[in-house]
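J.: What follows is each chain in one-letter form.
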Amino acid sequence: MKVQVRLAAEPFAPDLELADFVGCLATEGAVVSFVGLVRPHSKDGTPLTSLFLDHHPRLTERSLGEIGAAAATEFDVSAIRIVHRCGKMQPGDPIVFAAAAATHRRPAFEAADYLMDRLKTDALFWKREEDDTGSRWIEPTGADHADRARWERASTCPE
Amino acid sequence: MKILFFGRLSERLGREMEIDLPADVRNVADLRRLLAGLRPEAQSDFLGPSLRACVGDSIVGDDAPVSGASEIAFFPPLSGG
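Just so you know, the sequences run in chain order Y and R. Going by the working numbering, the residue at position 96 of the first sequence is 96; the numbering climbs one at a time, nothing skipped. Going by the working numbering, the residue at position 27 of the second sequence is 27; the numbering climbs one at a time, nothing skipped.
Check before you lean on any hint, since a few could be wrong.
Example chain Y residues on the side facing chain R (calculated, C-beta under 10 angstroms, incomplete) [to be verified]:
{"#": "1", "residue": "56"}
{"#": "2", "residue": "59"}
{"#": "3", "residue": "96"}
{"#": "4", "residue": "121"}
{"#": "5", "residue": "124"}
{"#": "6", "residue": "135"}
Far from chain Y by the CB rule (all over 12 angstroms, computed), these chain R residues [stated by the list, open to error]:
{"#": "7", "residue": "11"}
{"#": "8", "residue": "21"}
{"#": "9", "residue": "22"}
{"#": "10", "residue": "33"}
{"#": "11", "residue": "36"}
{"#": "12", "residue": "39"}
{"#": "13", "residue": "44"}
{"#": "14", "residue": "63"}
{"#": "15", "residue": "65"}
In silico DMTMM-like links for lysine to aspartate or glutamate, alpha-carbon gap of 25 angstroms or less [said to hold, decoys possible]:
{"#": "16", "chain 1": "Y", "residue 1": "88", "chain 2": "R", "residue 2": "11"}
{"#": "17", "chain 1": "Y", "residue 1": "127", "chain 2": "R", "residue 2": "45"}
{"#": "18", "chain 1": "Y", "residue 1": "43", "chain 2": "R", "residue 2": "18"}
No lab work stands behind these hints, which were simulated from the structure alone. The structure displayed is predicted, hence computed values, not measured ones. A virtual CB, placed ideally from N, CA and C, is assigned to each residue, including glycine.
My request is simple: use the sequences and hints to build the entire structure.
T.: Structure representation (structure tokens):
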């Protein structure tokens, strides 16, 4: 099992991440990847000028590793990669790349879905939206927590 | 002792502050009360339930000891990636 995580202080290229991830594989038959981009508007529609992600110098990358390792344990996958930005970003910038590889597609889809739900609630980041009038700190939404909870139900109620 | 702040707290208080730990500050709850007095602009954060303390790279409860720690971080609610 290969779990690779990276906290990126500078912009990264999701296409190159995917090509490199696929290039590291051997016998897998399925790769599912997700790319998150900085949205140009806040939830209320205000145009954003930038987004800032505050992070802890050690524990943020560790939290990415724990989420990747949990996905590797939970699903029948053979490789996981997470690249996550920190610092200041512009609308349209890639903020996260999450990928899972497996022999067959279903576990790869599920692992990628799981990675993103965990990253949205458990990754050690503090997000600040910035616009022409100022800035505000953002906290996870009820929908984010509901998405995260889907996996708790799945793991406590096996078929 | 170095105290670290993140997220909205760092915007108000700066990233870090140094304090000399008084002998009667033994656990996280004592430290919260001390910091609430030192930085009244964040009093409700230090005394409220949403701020989590991190000692030795682990999230800890209010009864966790703080003597001997070189660095303690306070985390507002995470906003996720």
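J.: Of the numbered hints stated previously, which ones are contradicted by the structure, given in increasing order?
T.: As far as the earlier hints go, 7, 18 are violated by this structure, in ascending order.
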